[in-house]
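**Q** Listed below, chain by chain, are the residues.
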Amino acid sequence: MSFEEFQNCARLYVIGALEPEELQDFTAARKQYGSAAEDFINQCYGLHEAFALSLKPAKASNAIKDKLMSMVRERGQGQSGSRSA
Amino acid sequence: MTSAVDLEPGAPSDVDLMLGIQSGDADALSQLYDRYNGIMRALILRIIHNETEADDLLQEVFMEIWNQAKNFSAKKGKPLGWMVTLTRRRAIDALRKKQAYARAEERLQAQPEQQPLAWVQNATENAIEAGDTRVLMAKVINSLPVAQQQVIELAFFQGMSQREIASHTNIPLGTVKTRLELGLKKIYDGLKELRDEF
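From first to last, the protein sequence lines are chains A and B.
Per my numbering, residue 1 is the first one in the first sequence, and the count goes up by one each step.
Per my numbering, residue 1 is the first one in the second sequence, and the count goes up by one each step.
Bear in mind the hints are in silico, worked out from the structure with no lab data behind them.
As the structure is a prediction and not an experimental result, all values here were calculated from the model.
Note that beta-carbon positions come from the ideal geometry of N, C-alpha and C, so glycine has one too.
Incorrect hints may appear among the rest.
Unchecked claim - Heads up, incomplete: computed chain B residues facing chain A, CB under 7 Å, no partners named:
hint, residue
1, Y33
2, R46
3, Q162
4, Y188
As the list claims (entries may be wrong) - In silico EDC-like pairs for lysine to aspartate or glutamate, Cα to Cα no more than 20 Å straight-line:
hint, chain 1, residue 1, chain 2, residue 2
5, B, K75, A, D39
6, B, K177, B, E164
7, B, K185, A, E5
8, B, K139, B, D189
9, A, K65, B, E60
10, A, K67, B, D34
11, B, K97, B, D55
12, B, K76, A, E19
13, A, K67, B, D25
14, B, K185, A, E74
15, A, K67, B, D189
16, B, K192, A, E4
17, A, K65, B, D34
18, B, K177, A, D25
19, B, K192, A, E38
20, A, K56, B, D27
21, B, K186, A, E4
22, A, K59, B, D55
23, A, K31, A, E19
24, A, K31, A, E4
25, A, K65, B, E53
26, B, K177, A, E22
27, B, K177, A, E19
28, B, K186, A, D39
29, B, K75, A, E38
30, A, K67, B, D27
31, A, K59, B, D27
Said to hold, decoys possible - Just a sample of chain A residues kept apart from chain B, beta carbon distances all over 10 Å, derived:
hint, residue
32, S2
33, F3
34, D25
35, A28
36, R30
Take these sequences, add in the hints, and give me the full structure.
**A** Below you can see the structure in the form of structure tokens.
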């Protein structure tokens, strides 16, 4: 698989539209192209952001936030976070 | 860009907020919620078409962001991308679990074939201001031929595979693949240009 073909597959992969029979070749190419492949896949996840940003925001009511924050403060965090970023 | 939305001077970046959430700061989650609940809810609504379910799911998604923040790595991408990926997955799961899939299909079939997608409607919404990132993204997406928008809509917002799209639209599988590849490449290139401008 050429890198251009890999790029086409990567864009399908990140939106979950790669067919199972394409996945094997894609996985092999991903391994072959190493960090260049991983960098490209990470960039492709920006597509998700693009689709979301193209929508008109639909803000939730304050009651939803109040309920959320009350749950967060009651339950705490599932597991205390580590600074992996 | 430190955030996909306009921020007040001195406001924490999205990554700052994620770091805060990772260390258990509930106020950081509160700020992230204020910044992005509208985008997340719009995405959920676009997938499941039900206000009550969307509100429930929005709450669950932000709880998941709170609990799973440790899995976020800024090296791998931006917080919004991570949140949208998580939200979309949860919404598509919910869509399938509640067997709303069939109802969504009926809705799609009821739409005239050349009816522009929600993206087009959003882009012409009077409330949007020129220069907004959202308008720019909508323009990129709306510049695609309708046939490409249609397959991307089914793949991204309905979670359909290429085969499901082919079956749903009676379009040959090879054509679906080509349309998806071309459309996604154009959006990707548009997104890249947009990022380079900022």
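**Q** Work down the list of hints and note, for each, if the structure agrees.
**A** Verification of the supplied hints:
Checking B:Y33 against chain A by beta carbon gives a least distance of about 6 Å; that is within 7 Å, so the hint holds. At about 6 Å, the closest approach between the beta carbon of B:R46 and any beta carbon in chain A falls short of 7 Å, and the interface hint on this residue holds. At about 5 Å, the closest approach between the beta carbon of B:Q162 and any beta carbon in chain A falls short of 7 Å, and the interface hint on this residue holds. With its C-beta approaching chain A no nearer than about 6 Å, B:Y188 sits inside the 7 Å limit, and its interface hint holds.
About 10 Å separates the Cα atoms of B:K75 and A:D39, which keeps this hinted pair within 20 Å; it holds. Taking the CA atoms of B:K177 and B:E164, the gap is about 12 Å. The hint holds against a cut of 20 Å. Simply put, B:K185 and A:E5 have alpha-carbon atoms about 11 Å apart, close enough for the 20 Å limit, and the pair holds. Our distance criterion of 20 Å between C-alpha atoms is met by B:K139 and B:D189, whose separation comes to about 13 Å.
At most 20 Å may separate the alpha-carbon atoms for a hinted pair to count; A:K65 and B:E60 meet this at roughly 11 Å. Between A:K67 and B:D34 the CA atoms are separated by roughly 14 Å; this keeps the pair inside 20 Å, and the hint holds. Straight-line distance between C-alpha atoms of B:K97 and B:D55 comes to about 17 Å, which keeps the hinted pair within the 20 Å bound. Distance check on the hinted pair: B:K76 and A:E19 sit about 24 Å apart at the alpha-carbon level, beyond 20 Å; violated.
With a CA separation close to 17 Å, the supplied pair A:K67 and B:D25 stays within the 20 Å bound. As the CA atoms of B:K185 and A:E74 are separated by approximately 45 Å, the hinted pair breaks the 20 Å bound. Restraint check for A:K67 and B:D189: the C-alpha separation of about 40 Å exceeds 20 Å, so the hint is violated. For the suggested pair B:K192 and A:E4, the alpha carbons sit about 16 Å apart, so the restraint of at most 20 Å is met.
The straight-line distance between the Cα atoms of A:K65 and B:D34 is roughly 9 Å, inside the 20 Å bound, and the hint therefore holds. Distance check on the hinted pair: B:K177 and A:D25 sit about 16 Å apart at the alpha-carbon level, within 20 Å; holds. With a CA separation close to 17 Å, the supplied pair B:K192 and A:E38 stays within the 20 Å bound. For a cut-off of 20 Å, the pair hint linking A:K56 to B:D27 is broken: about 26 Å separates their Cα positions.
Distance check on the hinted pair: B:K186 and A:E4 sit about 14 Å apart at the alpha-carbon level, within 20 Å; holds. Taking the CA atoms of A:K59 and B:D55, the gap is near 10 Å; set against the 20 Å cutoff, the hint holds. With a CA separation close to 18 Å, the supplied pair A:K31 and A:E19 stays within the 20 Å bound. Taken as a hint, the A:K31 and A:E4 pair is honoured in the structure, with Cα atoms around 15 Å apart against an allowance of 20 Å.
Note on A:K65 and B:E53: the hinted pairing holds, with a Cα-Cα distance of about 15 Å set against a maximum of 20 Å. Proximity of B:K177 to A:E22 is assessed by CA-CA distance (about 11 Å); at most 20 Å being required, the pair is judged to hold. Distance restraint check for B:K177 and A:E19: the Cα-Cα separation of roughly 10 Å lies within the 20 Å cut-off, and the hinted pair is therefore satisfied. For the proposed pair B:K186 and A:D39, the alpha carbon gap of about 19 Å is at most 20 Å, so the pair holds.
About 11 Å separates the Cα atoms of B:K75 and A:E38, which keeps this hinted pair within 20 Å; it holds. Of the supplied pair hints, the one linking A:K67 and B:D27 holds, its CA atoms being roughly 14 Å apart against a limit of 20 Å. Note on A:K59 and B:D27: the hinted pairing holds, with a Cα-Cα distance of about 19 Å set against a maximum of 20 Å. For A:S2, the non-interface assignment is confirmed: its Cβ lies about 13 Å from the closest Cβ of chain B, beyond the 10 Å cut-off.
For A:F3, the shortest C-beta to C-beta distance to chain B comes to about 13 Å, beyond the 10 Å cut-off, and the non-interface label holds. A cut-off of 10 Å between C-beta atoms confirms that A:D25 is not in contact with chain B; the least separation is 14 Å. Every C-beta of chain B lies more than 10 Å from that of A:A28, the closest at about 19 Å, which supports listing it as non-interface. Chain B leaves A:R30 outside its interface by the beta-carbon criterion, the shortest separation being 15 Å against a cut-off of 10 Å.
Checked against the numbered hints above, the structure breaks hints 12, 14, 15, 20 and satisfies the rest.
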